[in-house]
Amino acid sequence: MLHEVPPPRGQDKAAAEPARARVAEPVAVAENALSETDARRIDLWWSVVMVGSLGLVFALLSVFGGVAVPVLLALSGAYIFNPIVTELEKRRLDRTWGTTLVFAVGTLMLVGAVLYLIPVFREEASKLPDFFHRASTQVVPKVEGLVGHSLPDLVRQRTAELGKQASELVQSAGPAAARILASFAGNTARLVVTLLGLSVVPVLAFFFLQDYPRLMGMVKDLLPRRAVGLVSRRFAEVDEVLSAFVRGQLIVGGVLSVIYAAGLSAARIDMAIVIGVIAGFGNMVPYLGTGVGIVLSLVGLMLSWQGPWQLAAVAATFVIGQMLEGFVITPRIVGEKVGLAPVAIILAILAFGELFGFVGILLAVPVAAILKVVLSVVVERYRRTRLYTGEPKSP
Numbered sequence: 001m002l003h004e005v006p007p008p009r010g011q012d013k014a015a016a017e018p019a020r021a022r023v024a025e026p027v028a029v030a031e032n033a034l035s036e037t038d039a040r041r042i043d044l045w046w047s048v049v050m051v052g053s054l055g056l057v058f059a060l061l062s063v064f065g066g067v068a069v070p071v072l073l074a075l076s077g078a079y080i081f082n083p084i085v086t087e088l089e090k091r092r093l094d095r096t097w098g099t100t101l102v103f104a105v106g107t108l109m110l111v112g113a114v115l116y117l118i119p120v121f122r123e124e125a126s127k128l129p130d131f132f133h134r135a136s137t138q139v140v141p142k143v144e145g146l147v148g149h150s151l152p153d154l155v156r157q158r159t160a161e162l163g164k165q166a167s168e169l170v171q172s173a174g175p176a177a178a179r180i181l182a183s184f185a186g187n188t189a190r191l192v193v194t195l196l197g198l199s200v201v202p203v204l205a206f207f208f209l210q211d212y213p214r215l216m217g218m219v220k221d222l223l224p225r226r227a228v229g230l231v232s233r234r235f236a237e238v239d240e241v242l243s244a245f246v247r248g249q250l251i252v253g254g255v256l257s258v259i260y261a262a263g264l265s266a267a268r269i270d271m272a273i274v275i276g277v278i279a280g281f282g283n284m285v286p287y288l289g290t291g292v293g294i295v296l297s298l299v300g301l302m303l304s305w306q307g308p309w310q311l312a313a314v315a316a317t318f319v320i321g322q323m324l325e326g327f328v329i330t331p332r333i334v335g336e337k338v339g340l341a342p343v344a345i346i347l348a349i350l351a352f353g354e355l356f357g358f359v360g361i362l363l364a365v366p367v368a369a370i371l372k373v374v375l376s377v378v379v380e381r382y383r384r385t386r387l388y389t390g391e392p393k394s395p
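Numbering of the sequence shown is given in UniProt numbering, commencing with residue 1 and proceeding in unit increments.
Because the hints were derived from the structure by calculation, they are not lab data. Computed from a predicted model, the values in this text were never measured in an experiment. C-beta atoms are modelled at their ideal positions from N, C-alpha and C, and glycine is treated no differently. Some hints could be false.
Stated by the list, open to error - Here are the in silico distance ranges between beta carbons for each label pair:
#, residue 1, residue 2, range
1, L198, R40, 38 to 48 Å
2, P213, G307, 37 to 47 Å
3, L215, L298, 26 to 36 Å
4, V57, V378, 14 to 24 Å
5, G291, D38, 47 to 57 Å
6, L60, A344, 23 to 33 Å
7, D211, R92, 44 to 54 Å
8, D211, S304, 31 to 41 Å
9, L117, G291, 23 to 33 Å
10, R214, L311, 53 to 63 Å
Could you put the whole structure together from the sequences, leaning on the hints where they help?
See the structure below:
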């Protein structure tokens, strides 16, 4: 029978237990203390785990979408706002109070934006049928006069169809909303699940944000002690890329939306606010937002022509917006260009949108950013192998 060793003189049993626990706790190994073979194995293990985790996320979304989507949205919200709460914590504000402050300010801003933007977008939406109708009757003839020959019948037909579809959409918006509400009301279980899913997102986001450091600490504690240093650096690389495209591009899109909407409104362009928002947030997909914004602005310009000054104002709006985005906004908010190539973003959105629909479009850029880091790690390790370098095997 084992006998318990008495604690040292002057130290009680309760104080001795943590001391023994600290001695027995394994110590993490620094990255520079790893051999090349160990580092390669850890990187391979990390890459497999990351790809497997992404596959598990999409599997859960496919099978348990009603539960997985609110959790994923809450985690995304906690990730986006964590730097703000962390900065408040550095300024000696308790994390719980910091989280509460961020949520309170965010809620007020969201409510204010909704109360302001809903009437604005409702008014803009009511103009859509007339916008496309005038585009088909006024813009097309002007373009034909400029190019010197008639446009294909398909262009005229599609423009007229857009006007008709926009009119039907505006007219059917109210009845469609009523039918949706009626269908939910007729299915009590579905209504309860939907409302519960929507209401649980901010609650989960609050607790995830409050406990964010502890959750990350738990993940770190589960890592093999020899892998902590290297894997922590890999996660830091993933965070750097995700920050550039999740936090950074959302902020950049919002700032550009304000710039474009203000400039086009000053130029008295029809649908200025809608075009500005599309051009601003569409900038998350390289070239798409700017291209679509310029085309729509030119159409609006032809519909509301008041003189050459409008053309100069539209051109100045997009030139100034692009210069500010390239030289001021993106460098200050996003930082160094550590993200994905434009072609990679476009291909990721097309591929994930085709495979997983709207949820796939939302997750395309973050998933592609993670896969970029994984691929760079694999390539880095491959370039250190004898297969790549051609070095002979040591005897």
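Evaluated hints:
1. L198 - R40: 38 to 48 Å: holds (46 Å)
2. P213 - G307: 37 to 47 Å: violated (58 Å)
3. L215 - L298: 26 to 36 Å: Check failed, 49 Å falls outside 26 to 36 Å.
4. V57 - V378: 14 to 24 Å: holds (20 Å)
5. G291 - D38: 47 to 57 Å: For G291 and D38 the Cβ distance comes to about 49 Å; the hint holds.
6. L60 - A344: 23 to 33 Å: At roughly 25 Å between Cβ atoms, A344 and L60 fall inside 23 to 33 Å, so the hint holds.
7. D211 - R92: 44 to 54 Å: Violated: the Cβ-Cβ distance is about 19 Å, outside 44 to 54 Å.
8. D211 - S304: 31 to 41 Å: Taking Cβ atoms as reference, D211 and S304 lie about 52 Å apart, which means the hint is violated.
9. L117 - G291: 23 to 33 Å: Hint holds: Cβ distance 24 Å, inside 23 to 33 Å.
10. R214 - L311: 53 to 63 Å: holds (57 Å)
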